[in-house]
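> Taking the hints into account, I'd like the entire structure generated from these sequences.
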Amino acid sequence: MKTDELITRRNMLIAGVTAVGGLVLTSCSKQLPPTYGNILRMGDTFTYAAHQALIPGESLVKEYSHKDISSFPATGTTNPGDPDKPNSSELYRNLQRGNFAEWRLTIEGLVARPGSYSLAELKGFPARTQITRHTCEEGWTAIGEWTGVPLSRVLDAAGMLPSARFVSFYSFDDWVDNIDMLDALHPQTLLAYGMNGRDLAVAHGAPVRLRVERQLGYKSMKYIQRIVVTDKFNDGGKSGSIQNGWAWYVGI
Amino acid sequence: MWAKFVRFPRYFKSGNRLSTSKFTRAYLDAALAMTESSESTPNPTRSRHTRIVRASHWIVTLSFILLAFTGVVILMAHPRLYWGDTGNDLTPALIELPISRNYKHGGWDNQVAFFQGEASPVSANRTFDIFNKNGWGRSLHFLAAWFLVIVGAIYVLVGILTGHFRHHIVPRLAELKPDLLWHDFKEHLRLRIRAATGGPQYGLMQKCSYFGVVFLALPLIVLSGLAMSPAITAGYPILLRVFNGYQSARTIHFFAFLILLLFLLVHVFMVIKSGFRRQMRGMTIGDSHED
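First to last, the sequence lines map onto chains A and B.
The numbering used here numbers the first residue of the first sequence as 1 and each following residue consecutively.
The numbering used here numbers the first residue of the second sequence as 1001 and each following residue consecutively.
By construction, these hints were calculated from the structure, which means they are not laboratory data.
Some clues are possibly wrong.
Keeping only pairs whose Cα atoms sit at most 27 Å apart, straight-line, the calculated BS3-like set for lysine-lysine is [as the list claims (entries may be wrong)]:
{"id": "1", "chain 1": "B", "residue 1": "Lys1133", "chain 2": "A", "residue 2": "Lys238"}
{"id": "2", "chain 1": "A", "residue 1": "Lys67", "chain 2": "A", "residue 2": "Lys123"}
{"id": "3", "chain 1": "B", "residue 1": "Lys1273", "chain 2": "B", "residue 2": "Lys1207"}
{"id": "4", "chain 1": "A", "residue 1": "Lys85", "chain 2": "B", "residue 2": "Lys1133"}
Nothing here was measured: the structure is a model prediction, and the numbers come from that model.
Following this line, the structure appears as structure tokens:
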């Protein structure tokens, strides 16, 4: 009798785990990032699927008040125009000299109207200002006020096609990354051109950087040059996070 | 030994108010208490660690070791702890840990104030090449965390359903008397450790520490870890409020780790002192008898 009870309990447990597994798996039948058969990337993908299943998709991150604005370290590339640094860009150096008047953001891929926008044109879109916490993967945090155009507005203007699944970004300092539609269309995802009430400084990604508030800081790419809308996952090759040993999804 | 005089009064003094099932429980407990009083002879009726307890014990152990190792690797990238929401190299730290070349590193230039006035927050560029192994460190941390959380949840669920916690882990109210606690604590300090039973028959300090690890320290370290996720705190902002901000959660996460590390060291020491061979047999093959 005792044995029967044990087996029933175990079967219940197995059934329960299978059911939860099924729930998680069906909720992520969407395209997932590649794992390259790497157990660490499998863990990242499982986290991504779990977040999609368990976190309400339109949740906004906490917005702070003006008095919460803190000191803000500039790390990684702090000037792509500096010829002494790796990944320096002559093109960026020339644009910087002209105070980014000649800078244009290209949008291509799965959009009805591929083209490019000047800084003035981006500033012509309805703007959003938000005071949010930047959470660096290293462990530090800083609060800043960001002003920019929600990425969804620009994607709308370019006529994003229904087959779009990911939005890729290319930067002047030779970095490639992409985000899914949940983040791309999120109201707090900005193409930011202002920080703490001024034009975005070169150290923080001038003229335009991305703000992806529900992920760690390195997803908020600085020095954006080009946007490509795709239906396939683009790992960025040697310029992307995955092949450099870093997780693609860092909602954490 | 103490179980004999602790458990008896609880059930038999209020016996007239006990339901039948409670009475059965009380009877079994009393029987168990009696077998426990004959400490020296291993008793075949004594319960053993169940398979689920043994399996989850070792999976959680492995997860914890991986989490501790990768947690330190992650901390080495920024060995400074803060209180509140923000904290970085340009703001004062609560604690600075000398655990990597990033400890009190200089290398900041182009300092610019954001606003007018002396108290303005600033921006500065990092010129120092920091130590940072967080790419694999963090992914391994979360991989191990999944094993800890999923196996831990199954363990807790089964522990509640089978009465494992009720019978073996949760200290009884009557046991939680200062003199009993003090007595058992002193016995431990004098290294008068009860011989291992190889099963879940625990002393008072043992119950209290297992209870503290399962129901306080591990939930605290998991929740403070979740409070460091920008995506999870967007969906569940209560986590940030409970821990008073991201950096406070990070600091609490670190101190919860220190408590668990202390537990691990004392736990291993006690396993060795109380009869390593029998304890290991009990927690692996589930057989506590010496052959």
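> Determine for every hint whether it applies to the structure shown.
Here is what the structure says about each hint:
{"no.": "1", "hint": "B:Lys1133 - A:Lys238", "in the structure": "18 Å, holds"}
{"no.": "2", "hint": "A:Lys67 - A:Lys123", "in the structure": "25 Å, holds"}
{"no.": "3", "hint": "B:Lys1273 - B:Lys1207", "in the structure": "17 Å, holds"}
{"no.": "4", "hint": "A:Lys85 - B:Lys1133", "in the structure": "22 Å, holds"}
When held up to the earlier numbered hints, the structure conflicts with none and fits them all.
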